[in-house]
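Asker: Protein chains in written order, with the numbering used here: chain W, 1 to 435; chain H, 1 to 253; chain X, 1 to 253; chain Y, 1 to 322; chain A, 1 to 490.
Incorrect hints may have been included.
Said to hold, decoys possible - Here are the simulated BS3-like cross-link-like pairs (lysine-lysine), alpha carbons at most 30 Å apart as the crow flies: (1) K430/W <-> K111/H; (2) K140/H <-> K87/H; (3) K18/W <-> K111/X; (4) K234/H <-> K325/W; (5) K111/H <-> K429/W; (6) K325/W <-> K132/H; (7) K31/X <-> K9/X; (8) K87/H <-> K37/A; (9) K11/W <-> K140/X; (10) K140/X <-> K37/A; (11) K119/X <-> K9/X; (12) K37/A <-> K325/W; (13) K325/W <-> K128/H; (14) K22/X <-> K18/W; (15) K325/W <-> K87/H; (16) K18/W <-> K31/X; (17) K31/H <-> K128/H; (18) K19/W <-> K128/X; (19) K119/X <-> K484/A; (20) K25/W <-> K111/X; (21) K119/X <-> K132/X; (22) K19/W <-> K111/X; (23) K11/W <-> K25/W; (24) K37/A <-> K132/H; (25) K140/H <-> K22/X; (26) K140/X <-> K19/W; (27) K31/X <-> K11/W; (28) K11/W <-> K111/X; (29) K31/H <-> K243/W; (30) K9/H <-> K87/H; (31) K119/H <-> K325/W; (32) K325/W <-> K100/H; (33) K430/W <-> K119/H; (34) K63/W <-> K51/W; (35) K243/W <-> K484/A; (36) K128/X <-> K18/W; (37) K22/H <-> K430/W; (38) K22/X <-> K22/H; (39) K429/W <-> K132/H.
Source of the hints: derived by calculation from the structure; they are not laboratory data. Quantities reported herein were computed from a predicted structural model and do not represent experimental measurements.
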Amino acid sequence: MTDTPKFTSMKVQDPRTKKRNAAEKRFRAYGIAAIAIGGLFLAALTFTILKSGLPAFTQYVMKLEVTLSQEQFDDAESQLLKTAVYRDIFIDNFSDQLEANGIDVNYDADALERLLGKVGGDIRAHYRENLSDIGQPTVFQLQLSSRVEGYFRGRVTRDTLVDSRFLEKTDLDIVDVLRDAGLMTGRFNWAFLTGTDSGVDNPGGAGIGASVIGSFFMMLVVLFLSLPIGVAASIYLEEFAPKNRFTDLVEVNISNLAAVPSIVFGILGLSVFIQFMHLPQSAPLVGGLVLTLMTLPTIIISTRASLKSVPPSIRDAALGIGASKMQSVFHHVLPLSMPGILTGTIIGLAQALGETAPLLLIGMVGFVAREYPDGVVSGFMDPNSAMPAQIYTWAARADVGFYEKAWGGIIVLLVFLLLMNAIAIFLRKKFERRW
Amino acid sequence: MTDYKISAKDVQVYYGDNHAIKDVNVDIEDKTVTAFIGPSGCGKSTFLRCLNRMNDTIDICRVEGDILLDGEDIYDPSVDPVQLRAKVGMVFQKPNPFPKSIYDNVAYGPKIHGLARNKIELDEIVEKSLRKAALWTEAKDRLHAPGTGLSGGQQQRLCIARAIATAPEVLLMDEPCSALDPIATAQVEELIDELRQSFSVVIVTHSMQQAARVSQKTAFFHLGNLVEFDETDKIFTNPEDPRTESYISGRIG
Amino acid sequence: MTDYKISAKDVQVYYGDNHAIKDVNVDIEDKTVTAFIGPSGCGKSTFLRCLNRMNDTIDICRVEGDILLDGEDIYDPSVDPVQLRAKVGMVFQKPNPFPKSIYDNVAYGPKIHGLARNKIELDEIVEKSLRKAALWTEAKDRLHAPGTGLSGGQQQRLCIARAIATAPEVLLMDEPCSALDPIATAQVEELIDELRQSFSVVIVTHSMQQAARVSQKTAFFHLGNLVEFDETDKIFTNPEDPRTESYISGRIG
Amino acid sequence: RENVQIAGSSTVLPYASIVAEAFGDNTDFPTPVVESGGSSAGLKRFCEGVGENTIDIANSSRPIRDSDIELCLENGVTDIIEVRIGYDGIVFASQIDGPAFTAFEPADIFNALGATVLVDGDVVANPHTQWSDFNADLPAADIVAFIPGTKHGTREVFEDKVLLAGCEETGAMEAMIAGGMSEDDAEDACIEVRGNGITVDIDGDYTETLARIDANPNGIGIFGLAFYENNTDVLKVATMGGVEPTTETIAAGDYPVSRPLFFFIKQAHIGVIPGVKEFAQFFIADEIAGPDGPLAQYGLVSDPELAATQATVEAEETLDVN
Amino acid sequence: MLTIGLVLALCAIGYMMGTRRALSSASGDQRLLHSLKGYYGQNVALSILVPSATLLVVWLIAQPLLINQSVASLFSDQDLAEGASSSLIIQDMRRVANGLDVVVDQGLVSDDAIASLDAESTNVRELLADVGVAVGSDVTQQTLDGAKRYRSLSKTGNFWRGIAVLALALAGFVFAMQRTDKNFRARNVVERGVLILLFGAATVAVLTTVGIVLSLIFNTINFFDAFPAADFFFGTRWEPSFSGRGGASDLGFLPLIWGTMYISIISLIVAVPLGLFSAIYLSEYASDRVRAVAKPMLEILAGIPTIVYGLFALLTVGPLLVSAFGNGGFFGVNWMSGGTAAITAGSVMGIMLIPFVSSLSDDIINAVPQAMRDGSYGLGATQSETIRQVILPAALPGIVGAILLAASRAIGETMIVVLGAGAAASLSLNPFEAMTTVTAKIVSQLTGDGEFNSPETMVAFALGMTLFIITLCLNVFALYIVRKYREQYD
Ligand SMILES: Nc1ncnc2c1ncn2[C@@H]1O[C@H](COP(=O)(O)OP(=O)(O)OP(=O)(O)O)[C@@H](O)[C@H]1O
Ligand SMILES: Nc1ncnc2c1ncn2[C@@H]1O[C@H](COP(=O)(O)OP(=O)(O)OP(=O)(O)O)[C@@H](O)[C@H]1O
Ligand SMILES: [Mg+2]
Ligand SMILES: [Mg+2]
Ligand SMILES: O=P([O-])([O-])[O-]
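Bound-form chain W, shown alone (with noise of 0.2 Å):
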């Protein structure tokens, strides 16, 4: 009916529409480009990280091919300093080894012992657990040195190089000889992964195994008390909780605690769980307690902020057929704010996660992992370190070996965060859903 006056084809958008549809494509292009510039954000983060990072998990070690006789251990065991005795007989044997090879270069004991890294301690643990090796011919694959190391990525070169104790230039051609007759290599670093921390002397020894372990145990404790502690909260308040001053106070309470700065959290541990309940000092379980303080107030905040969300026909609903309260909450309202929960668990677990500032007071930033923990009970219990204070400590160390690991640490406490957030996520995909 062409003669209706006000036929306006659909296909051609009058002005007003035209406008109406530029500020939708503006709201969406607002969309996507918040999301990109976050994109964009974590892209850069995440080049600089595995940039910085991924040399730490590579090694350069050189082959050795040692007889340790048994007057040389025996020797080396009646020292104060044990390892560093093993180390000179090592280096005293390398010649044996040149020739072996046929190789012909100039070197002195000094050269070679700014090579390698500290390798003391593994050759005498070596020989400890394996005394049959003793007197026979044994294949070591040592470590070299951070400097040495940065030669091989290209952080190091001739020309950037400046002669100190640590390293000179001349050491540079005994390492391209080494590695051209084979002798040095690369290979994949799996001390890193499973190692624990290392004197500031010793960047190559270093490793992150440790203060996972730590940081699982700590995780542990914040899952299992943050969530259903958090959870039981948002419930009382928003379903149950008369409407009062008390009621207030916890609200404002809470949205409070999440102001506290971290460290505060630090000062409460230390003083209610190591000096009042007297807690051990530099223990998961104490680190797990202060990150549950710290993640309630998320969890609380963003999980009532989902149950507000339930419309309230749901909840009369179930009451209309004579469900109890608990039960139309617990049965209904629940599984729907599901998804809210869950993202709170999220944000508040990996903020635990990366949380360094409270672990301070408590004991456990430093030279802290650098034994593994020999059951679950001690998994709580014994010192330890985590990963964001292993990150941390590595990063103010003065060897540029150290930062590479804090890097690599960042990386590995990211895959961490991942698999501890895909099992999140996978859960809020299933609850997800409209109606």
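Dock chains H, X, Y and A with the ligands against the given chain W, drawing on the hints supplied.
Answerer: Same frame as chain W, but now just chains H, X, Y and A with the ligands:
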């Protein structure tokens, strides 16, 4: 102790300042169908929701007066509203299925009240309820599809099925047939008639015909007042109040 | 180019695997009221929602066939559904007021379409719409109270007011009177009649009487099929299809 | 509890970690746990009492003070052994490719960074923008210095041994006193720095200072000697008073800017917590803390009086607290 | 340990028997029961667990106190005259007693032999040292006696504790079983129990607050004893120096709180729009696949350790901003002299906070019923109009919660500020200038080299306390605003 299943005395309901129900006295007999009629917004739903304390959930709503169920004041602090609601079931005006499967929607009540000893009994209850609510043929092939994916009328019948599955003693139905076609309506009316054999049913309806067909007693509300409450026949043939008269005589719809 | 306001050709609608609308052809004339009747769950709402592409919002819903509005295919990719919906307004089966004040609910459409030059004009539109939807007397004192605090029937009228406030060319109404009392129903029917003077109206109803009263054309749906589509008089007095016959003759409700 | 627990100074931490690792590798004792957190927090925990759930050893980059001892006494920590492990050299370094900041006098630093300086006999707010403004031998580069924040003990050393010295050297101090200031006020005025982006306080650690130097060719930063020596390929150091900072010059007392490092042992824990005394002895053994040991190798200035310290530990000589 | 195990076992048995008994009282017909059968079991289990666990906890707290008192009566006032405090002596006794326990456990000395132990003939300290128990000084006879007394008392105490707890558990069991009957309102009882648990969970937050206040307050008071409160609250300069030199520090709070607010606001200016638009896009526009990827992706931002952000601010963003706003920069203005500035830290922190706003808001927006959207589309609204005018208002309370959470996080953040904003406290209006925050200073003062009971260190506690009170006021205000706004709708 009265002979009435429910008796409401001097009930007042306020939504904040809005006085929505004024001084209503009603006695609802056992094994009868009572219809509430009246213009939209006159307080039918509000009053109905008082009868099983569903108004408790609305913060700003305040109920005064006494409502006795089997002689017990249901607003007494010692009364457990849960038990009350198990006895006095409700079908809401706006269909509100749970965002779960059709089966789970119906099975929920029996489950929480422990009405079935096992899965087979539960299946039976679900089937019976859906049949009674005239939804079985449409739903039997998609019992595990979400209840929210049903058509408006289907959702309404689902809510009816859900309510009767818990076998309440009193069933409050707020416009249960508003979205139903004549045939489904007839089936629901049949159901109501059947329920009346053992329980009492209170139904809110806008259809005078329906009220006349299914109810024995009718209450006419107007602006929050209970204008007239009497035998249905009487109301429709010989109302006492002129307001009732004029409402009835606008006999349309 | 046809003479029809809307013409649907071979329309199929699927919800996932569920074939909800089968091969429907309907031509809706301008300045007429067309009624869709049929048993609950037969696809009335589904088909209605096709006419202004509201089905786009349901993920699993797939529409096939052509639907022309003023000769233009509304499913054409170049068609702007926003403009379409401004022309083809809708009142939903379940009242869904926004969680805003009554005033804002009604003013929402005029505001986004720029129908009012200033606050005074807007106030006028709101008042006129509420009056037409027979809600003005009840709402005028609480225009700024939340729309969700209204009674069921009031919410339904609010949704009608909201829809007509945007002055659409076609108005789709899904059971607009289901929760209304006879008087309000009469007022809405009057409104429909008035709208028909300039626009076309499509109404879904379960009340045969209502269909007979307000519509010029009636379409009878059954199990997703359009069984019969003809002059209303014809359908109600002399249906061709036996299914129509039997549905009509169960004349209840 | 099996392992020795240590807490305290982050300056001592690197050395303690080296020793702890070696202690674990070379003895049958478990590796001690060394927490960081600062000298003062470490001493606080040290003084919390005696017993399993208190630490055995506190590292500190400053001597123990009366107030610390008071707290210790209050909590029954009466016998404290003080162990000086060596010295921390404090050096001025800048980007290796940056302007030629190779030789400073305390007076230069004071003239560059002091809030008020002496110009032509008047005490005025520091007007210098470039190093060459007051000393033609220095490069014509903008003055930017990254100095430790006030939480660091290093800052105190910097103030005392460089700023104050420079203040006296330039005669500014004298002029201030002559201008009517009390000696204390004058000292305070001497050590006040300019701020305003010309001096930048660093609250983090040396890696942060390094990062800032990296980003700013004109910047000079204050580092620990060990940190500098580990990063000679990106940093160049300046002499102070004509002396190059090395472990030798500092040990000999030629290089002026350094501070002693300590740890404190709770005598009550010796013999009860396994390894406390052994660890302390191991720490200060010649093989470790001596001039050829790994600590010196890393950059600690070893203590010329190490033998005396060894004797103190051996005899468990405690501080005279009363 | 054994007691706990027994109680738990009793709980399990109680659960089964309760269920069984309830059923049999209804002659096997679940329908005759007042509540679901599981509730009867839970009731029994709870009746066993709750009282006995409470008793256990109370006992665990009370027993040492009582024993201390009893042991304290062992030594007279003249022992105290030596300058030791009684608590120290008791502590010592307790340590010796615990040590003796270990000695016995390891079989070094038999239980009987302990009784005849005396300080003269045995070096108890060495004995204990052998098993790795630290004792402050040599053990005197008096301490040893006290320790023995302590041991025997706690042994009897522990014995009776076990008995009492088990008895109470049994009593609970019997009581609950007796009540178990088809008419018993088990559900109500259990639900009341659950409600109490929920309430208990809610009070954890209050307890945490109490704990925080308690752990800050004493040192705060000490601080104000040593430093004038007016100078702290109204001082405009933050320049702590070393107390060794005689307390010339300026510890003005204003520049710190100014920096905190300034940086937080900058970060919110970044995070709120970005987060909100992300949330809107994710919940309303994005396809399922995009959403499934993008949302967790943004959430990673919340999990990157803040030190990484700090380094990122220091090394990347700071120099970038300088090259834009600095001398000879891209915009040709000279606003920024160093890379560390309020804006550097604020913007990087904003990035970190994106997921706080986006993820939570996304969940909440997603929970708005579809009918609301339909209603709006049906009127010919575009999607953006629908979102802005219908969905966002409906989701507002939750979104406000998310933003408050982000704001809180911003106030509490440390590392990014330390590295990104610089350590200089200044009361500047210029966002391109270095600033610092309360939190950063709490950390630096607390971990520094100063004496711990000098004002320079204790100021950390006062800062914490003041910040706590300020955020409390802000939260009260926010609650008030949210309430007021929410009353219009809903
Ligand atoms: N969102 C959906 N998802 C899946 N199936 C649906 C959905 N909406 C409707 N259906 C199904 O499509 C069929 C037609 O539904 P429709 O809502 O069109 O019925 P109707 O004719 O409007 O019925 P009523 O009168 O009860 O409202 C029904 O079988 C219904 O269950
Ligand atoms: N939640 C609420 N908040 C505020 N006012 C309300 C609320 N619910 C209902 N009212 C008001 O109370 C009055 C009675 O409402 P009620 O829902 O009982 O009407 P009704 O008789 O059921 O009408 P209808 O037939 O339209 O459903 C109406 O004016 C309504 O606006
Ligand atoms: Mg109603
Ligand atoms: Mg429908
Ligand atoms: O950590 P420090 O106390 O040495 O600065």
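Asker: Taking the hints in turn, state whether each one holds.
Answerer: For each hint, the structure was consulted:
Proposed proximity of K430/W and K111/H is supported: the alpha carbons are some 24 Å apart, at most 30 Å. Of the supplied pair hints, the one linking K140/H and K87/H holds, its CA atoms being roughly 28 Å apart against a limit of 30 Å. With a C-alpha separation of about 16 Å, the suggested pair K18/W and K111/X falls inside the 30 Å cut-off, and the hint holds. A C-alpha spacing of about 41 Å is found between K234/H and K325/W, which places the hinted pair above 30 Å, so the restraint is violated.
For a cut-off of 30 Å, the pair hint linking K111/H to K429/W stands: about 27 Å separates their Cα positions. With a C-alpha separation of about 28 Å, the suggested pairing of K325/W with K132/H holds against the 30 Å cut-off. With a C-alpha separation of about 20 Å, the suggested pairing of K31/X with K9/X holds against the 30 Å cut-off. Pair hint K87/H plus K37/A holds up; C-alpha atoms about 19 Å apart against a cutoff of 30 Å.
For the hint linking K11/W to K140/X, the alpha-carbon distance of about 39 Å lies beyond 30 Å, and the restraint is violated. Proximity of K140/X to K37/A is assessed by CA-CA distance (about 53 Å); at most 30 Å being required, the pair is judged violated. Under the criterion of a C-alpha separation no larger than 30 Å, the hint pairing K119/X with K9/X is inconsistent with the structure, at around 43 Å. With a CA separation close to 18 Å, the supplied pair K37/A and K325/W stays within the 30 Å bound.
Our distance criterion of 30 Å between C-alpha atoms is met by K325/W and K128/H, whose separation comes to about 27 Å. This hinted pair does not check out: K22/X and K18/W have alpha carbons roughly 36 Å apart, beyond 30 Å. Restraint check for K325/W and K87/H: satisfied, since their Cα atoms lie roughly 16 Å apart, inside the 30 Å limit. Between K18/W and K31/X the CA atoms are separated by roughly 28 Å; this keeps the pair inside 30 Å, and the hint holds.
Taken as a hint, the K31/H and K128/H pair is honoured in the structure, with Cα atoms around 21 Å apart against an allowance of 30 Å. A hinted pair counts as satisfied when its Cα atoms are at most 30 Å apart, and K19/W with K128/X qualifies at roughly 28 Å. The suggested pairing of K119/X with K484/A holds, with an alpha-carbon distance near 25 Å, which does not exceed 30 Å. The hinted pair formed by K25/W and K111/X meets the criterion: a straight-line CA distance of about 19 Å does not exceed 30 Å.
Annotation: proposed proximity of K119/X to K132/X holds, straight-line Cα distance about 20 Å (limit 30 Å). Annotation: proposed proximity of K19/W to K111/X holds, straight-line Cα distance about 14 Å (limit 30 Å). For the suggested pair K11/W and K25/W, the alpha carbons sit about 17 Å apart, so the restraint of at most 30 Å is met. Between K37/A and K132/H the alpha-carbon distance is near 28 Å, which keeps this suggested pair within the 30 Å criterion.
At roughly 21 Å between alpha-carbon atoms, K140/H and K22/X fall within 30 Å of each other, so this suggested pair holds. Distance restraint check for K140/X and K19/W: the Cα-Cα separation of roughly 34 Å exceeds the 30 Å cut-off, and the hinted pair is therefore not satisfied. Distance hint between K31/X and K11/W is fulfilled; the C-alpha atoms sit about 23 Å from each other, no more than 30 Å. Restraint check for K11/W and K111/X: satisfied, since their Cα atoms lie roughly 23 Å apart, inside the 30 Å limit.
A threshold of 30 Å between alpha carbons decides the hint, and for K31/H with K243/W the separation of about 40 Å lies outside it, so the pair is violated. This hinted pair checks out: K9/H and K87/H have alpha carbons roughly 20 Å apart, not beyond 30 Å. Taking the CA atoms of K119/H and K325/W, the gap is near 25 Å; set against the 30 Å cutoff, the hint holds. Annotation: proposed proximity of K325/W to K100/H holds, straight-line Cα distance about 19 Å (limit 30 Å).
Taking the CA atoms of K430/W and K119/H, the gap is near 25 Å; set against the 30 Å cutoff, the hint holds. With a CA separation close to 28 Å, the supplied pair K63/W and K51/W stays within the 30 Å bound. A threshold of 30 Å between alpha carbons decides the hint, and for K243/W with K484/A the separation of about 15 Å falls inside it, so the pair holds. Our distance criterion of 30 Å between C-alpha atoms is met by K128/X and K18/W, whose separation comes to about 28 Å.
A distance of roughly 48 Å separates the Cα atoms of K22/H and K430/W; the hinted pair therefore is violated under the 30 Å criterion. About 52 Å separates the Cα atoms of K22/X and K22/H, which puts this hinted pair outside 30 Å; it is violated. The hinted pair formed by K429/W and K132/H fails the criterion: a straight-line CA distance of about 36 Å is larger than 30 Å.
Comparing the model with each earlier hint shows violations of hints 4, 9, 10, 11, 14, 26, 29, 37, 38 and 39; every other hint is respected.
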